[in-house]
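Using the sequences plus the hints, can you model the full thing?
Residue strings, one per chain:
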Amino acid sequence: MNSQSIAWTLAAAQTLLFILAAPLLAGWVKRVKCHLQNRAAPAVWQPYRDLAKLIKKNLVLAENASWLFRAVPYIVFGATLLAAAAVPLIAVHLPTSAIADVIVLVGFFALARFFTALAALDIGTAFGGMGASREMTVAALAEPAMLMAVFTLAMTAHSTNLSVATETVLQAGLVLRPSFLFALLALLMVAVAECGRIPVDNPATHLELTMLHEAMILEYNGRHLALIEWAAQIKLMIYAVLIIDFFFPWGIASEFSASALSVGVLAVTAKLMLLAMLLVVWETVLAKMRLFRVPQFLGFAFLLALLGMLTNVVLETGG
Amino acid sequence: MALSSLSLYSQAIILFAALVLFTSFVMLAQTRMVPLIFTFAWQGLLMAVATVLVAIVSGHKHLYISAALTIVLKVGLIPWLLYRLSVRLDMNYETEAIKHPSLLLLGGAGLVIFSYFIALPIVHLSGLATRNTIAVSIAVELLGMLMMSVRGTAMAQVIGFMSMENGLFFAAVVSTYGMPLIVELGVAFDVMVASILFGVFFFHLRDSFDSLDVGHLNLLSEANEPAPLAETPAASTQGEHA
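Listed in order, the protein sequences are those of chains H and X. In short: position in the first sequence from 1, add 15, done, that's my numbering. In short: position in the second sequence from 1, add 1449, done, that's my numbering.
Don't take every hint at face value.
[Claimed, not checked] SDA-like mimics (lysine to any residue), calculated; alpha carbons at most 25 Å apart, straight line:
| id | chain 1 | residue 1 | chain 2 | residue 2 |
| --- | --- | --- | --- | --- |
| 1 | H | Lys303 | X | His1549 |
| 2 | H | Lys303 | X | Ala1478 |
| 3 | H | Lys303 | X | Met1613 |
| 4 | X | Lys1548 | H | Phe315 |
| 5 | X | Lys1548 | H | Arg308 |
FYI, nobody ran anything at the bench for these hints, they're computed from the structure.
Structure representation (structure tokens):
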């Protein structure tokens, strides 16, 4: 086998690992959260069981559902899958990282969100329309902040490609960059909003007044729902891995030897577990915000990203 | 000059300068009184740390005294005075409505860009490692001025004034490694006296208008109601003093 085919095999394996591990991350988050709130915790494998149960169930479709409604779960899952393929999980410079840079990654998410909103409007129930309008409001504010944070990092790395950016940070060693600090905070806030976690949205609730994402997918069931929920779990993991890649990439494999790859797997597992714990603490400490305070929250994220950009220009490059 | 070529201490100075700028933005948007005072104290603390780091890098011993002065006055005494005042005036749970918070913050970002443009020629002339932070100190000053001109309550305006002074001090530290000590002592004493005068001003404002909103000073009292007429001259003379 030549090196080209090894690289492609590794890339496929990494993507597969990404998709298969995403429910595990969700299960870990749920388990730690239950422990922290003094509740009996489900097993870490519970999300797999839920997905298997949903896939086995019969499909019930609304009478006026169009082809779009049936196609959307596959489009959403497909877009998320492509996004997952582009993010370096255990090794940099895999051939799939050339599929997309960060801007296209944001585009994949926007595509998935656009079709979810369309499907929510398709059936014509009140909840779907309400959820779609709320989700698009949040997205319209989160996306500029996300892009601004990403541009800040790209200016340091001189590239928007994820692999190159990760490697730049890896090789620079310990440099105290104020722009990275601001971008990290902005990206954390955007990730919370985009993945529908507390304080922007509560993924565990089905209370009509507070739902954002859940209101859109209320009409889905069976394997369609399984695909959408799986895609949401992958999205959470993509954001977590993005944050790890940009700010704490130490341990990721830069060559394709067995030892480097196993170190990469261990490092990313440990970092994901820690990041998930941070998320759980954050979700336990904070209460969900009113919808009308979300723009302020995201406005602050945008300001942080903008400050990151400004400090990058003013403090880090001048002279 | 790339950031990674500087020593770790110089990088830390730049990091703290960025954090000082960040606290200025937080103050601009903070509507509650007590967190506003605490943010001001944080700005002083971050600046004192940056000053100590500059002292370590440059070897100027008198900067340690400046840093100690900053901690005593701007982290301890002045926030404590302001906090006590807000408690005594029963203002500590009050919030102030800012009309367009996002616009205000974007205006602040515009000021940062402007001060970068202003500082560019100085940056080209200077050879100091901290020369990039000159733009930040000018920005802190301008943000304090923006706060004074946009925010309505006297407390926010006083904190804007103090944060302008912070910007001046920081500019002196990073561009010429500090003003002469005698000047610094004089300025510190001035600021302390100013904060006491502001306290008197607060009390008169409160007595005359039952509020700390300085917008009342712009109104002719005959035009509205005759009740605070008797005390208005006293309040306006105090305003001129402060």
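Against the structure, the hints come out as follows:
1. H:Lys303 <-> X:His1549: holds, 24 Å
2. H:Lys303 <-> X:Ala1478: Holds, at roughly 21 Å.
3. H:Lys303 <-> X:Met1613: violated, 36 Å
4. X:Lys1548 <-> H:Phe315: holds, 16 Å
5. X:Lys1548 <-> H:Arg308: Holds. Lys1548 (chain X) to Arg308 (chain H) sits at ~15 Å (cutoff 25 Å).
The structure is inconsistent with hint 3 alone, although it conforms to all the rest.
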